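Following the hints, put chain W in place on chain A, whose structure we already have.
Chains as they are written, first to last, in full-length UniProt numbering: chain A, 1 to 457; chain W, 1 to 457.
Everything labelled a hint here was simulated from the structure, so no lab data went into it. Keep in mind that this is a model prediction, so the values were computed, not measured. Careful: at least some of the hints might be erroneous.
Since copy identity is lost for identical chains, a pair holds within one copy or between any two.
Once the Cα atoms are required to be at most 27 Å apart in a straight line, the calculated DSS-like pairs of lysine-lysine come out as [to be verified]:
hint : residue 1 : residue 2
1    : Lys413    : Lys57
2    : Lys169    : Lys377
3    : Lys273    : Lys355
4    : Lys57     : Lys140
5    : Lys274    : Lys357
6    : Lys355    : Lys100
There are 2 protein chains.
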Amino acid sequence: MMNEINKYVETHKQRFLDELFELIRIPSISSIPAHKPDMYRAAEKWKEILLAAGADKAEVMETDGNPVTYGEKIIDKKAPTVLVYGHMDVMPVDPVDLWKTDPFEPVVKDGKIWARGADDDKGQSFMHAKAFEYLAQSGKLGCNVKFLIEGEEEVGSPNLPKFCKKHKKMLQADVILVSDTSMIARDMPSITTGLRGLAYWQVEVTGPAADLHSGLFGGAVANPINVLSKMIAQTMDDEGRILIPGFYDDVAEVSGKERAMMGKAPFSIQEYKKSVGVKELFGEKGYTTNERTGIRPTFDVCGIWGGYTGEGAKTVLPSKAYAKISTRLVPNQDHKKIEKLFVKYFESIAPKSVKVKVEYLHGGPSYVCPIDLPAYKAAEKALKDVYGKDPVPVRSGGSIPIIATFEEILGVKSVLMGFGLGSDAIHSPNENFPLEQFYNGIRTLPLFYQYLAEERD
Amino acid sequence: MMNEINKYVETHKQRFLDELFELIRIPSISSIPAHKPDMYRAAEKWKEILLAAGADKAEVMETDGNPVTYGEKIIDKKAPTVLVYGHMDVMPVDPVDLWKTDPFEPVVKDGKIWARGADDDKGQSFMHAKAFEYLAQSGKLGCNVKFLIEGEEEVGSPNLPKFCKKHKKMLQADVILVSDTSMIARDMPSITTGLRGLAYWQVEVTGPAADLHSGLFGGAVANPINVLSKMIAQTMDDEGRILIPGFYDDVAEVSGKERAMMGKAPFSIQEYKKSVGVKELFGEKGYTTNERTGIRPTFDVCGIWGGYTGEGAKTVLPSKAYAKISTRLVPNQDHKKIEKLFVKYFESIAPKSVKVKVEYLHGGPSYVCPIDLPAYKAAEKALKDVYGKDPVPVRSGGSIPIIATFEEILGVKSVLMGFGLGSDAIHSPNENFPLEQFYNGIRTLPLFYQYLAEERD
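The following block holds chain A by itself, in its conformation from the complex:
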C-alpha cells in the first residue's frame, strides 16, 4: 500500500496545498465574537472538503456555540469505526507585529507552511481528509470513518459535551483518532499518551472608582496593580510550588520507576534553553524539565493589563487591573474542584482596600491513553512504516479538554497521533508546519486504517 500512497501524494501535492490554503485563509478565531461569521464559513468549507473526499454525507450542525461539521462514510457495520476529531478554529494572532507574514495568507518558505492554523489544527486535521480521500478513491477503505470537526477547541470546547450527549449514537465509534499534538522530532516519531488538564480564569481588581492622580492620592489609596501583583506573587513560592491550599491534594504521583523511564527520553537542557531563548530554566524544585511539563501542574499568568500602557510617562493611580490566569492540571486533579479552590484562595488573599472579581473562563480534565489499545498498536505500526522507527509514548504538557470528555460521554478512548513539531510555534507568531510532516501525515494515516482493520479480522 505504501508505494501507492506515496505515488498518490506525489501526484496531488500541489492540489492538497491549494485546498488547505483556502481553509487557512478563513480567519476562524473562536475567542473573538466578531469572527463568528468566519466560523460558519470554515464549517461550510469543511463540509465541501469531506464531500469532495468521498463522504456519503456531510453537514454543518448547530451547537449552543459555534457550528461543527460532521461527515461519514459507512462501509460495513462489522468493520471498526474510527471517529476523526479535529478543530477548525484557531488562536488569536496577537502580537500581530511579530509575524513575518500575514497570519491568514499562507506562504511556503524554507520547506514549511507559515500561517495561523498551519499546524494547529487546520494543517493536521486536513491530513485526515486527504488520507480519507486516498482510501475512498482507491476503494481500499477497511473501516467506517466519521469526522467531527469542531469550532471551539481553542476556547475549551464549552458546547461540545452537550452536542456529544445529544448525538451519542451518531458519534459511536471504536476509537477516536486525533492529530492535534506533536512528535518529539522529525526523525523521532512519538504518540501522546497523556494530556494535562486546564483551568483558566480572568481576574479583575478594582481600587478607586476612577483613575486618580498618583501624586495627589498616591500613598493613601491602594493601587490595584500593586495589589494584583502581590496576589499573583502569593500564589507561587520561590521553588515553583503553587500555594493554593488543597491544590496538590489529588495529584497522581508518578512512581520512581516510571520517572526513571521518562528520564531515558533523549533530551538536552542546552538545546532546550537555546530553543526557547533563555539562560536559565525555572520550575518546580525536585523535578526535571520533562517532568515539570509532563506530570506536574503549573500556574501561569497568560496576560496582565491595567493603568497607562501608552508611550511615555503618565502619573496615574489606576482604578482597575486585570489578569488572565491559567493552571495546567495532571491526572486525578478535578478541574471543577481546582476552579473553586483558586477563586476561594484569590478572594481570601485580597485586601479590603480593593474589590476582586474572578471569572472562570474555561477548563477541562487531563487524559491518559493505555499503550495496549488495538488502535494504539495500529498507530505504532503505521508510524514505524513511514518513519522507520518505533514511536515513543510521551506525556504532553498541553491540554485538549474534550478528549477526557469524549471518554466520559461516549465511552471511547482517543489515540493522539500528532505530526506537529516543537518548533511549529503554535499559539505564537509565525506558526508553521513543515511540508515533510504534512505529507508524511497523509502517508501514515491510511496505514493506520489498514492495520486497525487487520486487528479486527
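Relative to the frame of chain A, chain W by itself:
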C-alpha cells in the same frame, strides 16, 4: 479695585470662555510624539493670547524638545517682576471610553468646564492671561510681568532646565507665580507650600525569546508576568513600607509638632473614602492619610501589560511583561539618587531565568515655599479678599518637578496659588474645572499684583 474687576469679568465672561476653548481644542499631548504639530499650534495660540492681552512682546521659542511661549510687559525697572509659569501640554486621554464628552471639545454643564486641560493647566494658566489683560487694559499694572508657558510639564520638563540656563537674564524675576495646584475646597482657599518630587521608570522583563504554548512549556520556563508581579510585590511590604535599600535614608522627618498642626486641617475619612470610591484606605503604617500624601514617599505602578489581553482565553506563556513604575519623593530625597537605587534593586531581585531592562523616564526634586515670603503674603491677602477667609498653607502630594529646578537655576522662589479642586479629575477621564473657580481666579490674580507692588512701595 475689586468692584472694577468683578465688572470686567461680568462683561467679558463669554469671551473668556470662547478664547479658552480655542486653546483646549488643540490636543497638545506632550507624551505622544504624533502630537508634536499640536505643540506648535498651542505655542502660537499662546503668543496670540499674550499679545492680545497687552504684552509688549511675545514669541514662540525653541527648546531641545517642544517649544515654549515667552511674553512680557515691563512697566518700570524698579517695580517688582513676576514670572508667570504655566504649561500648554496635557495628559493623554486614555481610557477614552470612560469620558462622557469628547476630551478635546469643551462643554459647559452643571457649572463646570469639561475637557482635558480644563483645569490642568490650560484653564488655570489662562486665568493669568485674563487677569493680566484687565491690568494692562485698565492701566493698573503695578508690576513687571513675564510669562513662560511650556510644553513638556506632563513629561517632567526635560528640556526646560537647559532653556532656563540659556535665558537666565530674560527670566529674571522677584517671584514665580504658578496656578497648577488645587485648593482644599471651593469655600476653603489654600496655598500649596510643598510639592513631592518624582521618579518614573519603565521596566521590561523578558522570559523566552517568543511567546510559547503554556501547555507545552508551562512549568519549565519562567513566565515574565509571574516574575514581574513578584518583583513588584517585593518592593513594598504589607505595611506600605518601600523595601528598596536606602530609599528612606534622606527623607526629611517632620516633627511631631508640625504633624499635630497638619492634623488640624479639616478632613473626613468617610468623605475621602466616598470621594475615591473605596471601602478601606491603604497606606504606610503609622501615618494619617494627609501625611501619606503630604510628607511621605510612595511606590505606585502606573501601568502594567504583557501576554494576551484580548477577549476570552488564550493559553500563552508570554515572552515579555512591562510596567510603568513611579515613586513620589519628599524633601531631601534626591531623585537622581533614587533613580539609581531603584534600578540597582530591581536588577538585584531579578531571577536569572529572565532579562530585566529598566529605563528611567523622568523625575524631579521636591519643593518647599516659606510662608513669610512677601509674595506669599500678597497671595494670602488676595485670596482673603475674594474668598473671605485666610488661606491655609498645605503640602501637596503632587509634583511639579520644574519648580525646584527654577529655584536652583534662577534662584527664585515660586508661589503656588492654585484654583483647582480635588474633584477636577485632572489626569483622569472627565477632567473638569468649575466656572466659579475659573472666574474667581481671574478676580484674585490682579489683587495679588496690587498687594505685591504695595509691599515694594
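Hints and how they fare:
1. Lys413 <-> Lys57: For Lys413 and Lys57, only the intra-copy Cα distance (25 Å) is at most 27 Å; the inter-copy one is 87 Å.
2. Lys169 <-> Lys377: within (26 Å within a copy, 91 Å between copies)
3. Lys273 <-> Lys355: between (40 Å within a copy, 14 Å between copies)
4. Lys57 <-> Lys140: within (19 Å within a copy, 95 Å between copies)
5. Lys274 <-> Lys357: between (39 Å within a copy, 21 Å between copies)
6. Lys355 <-> Lys100: Between copies, since 24 Å is at most 27 Å while 41 Å is not.
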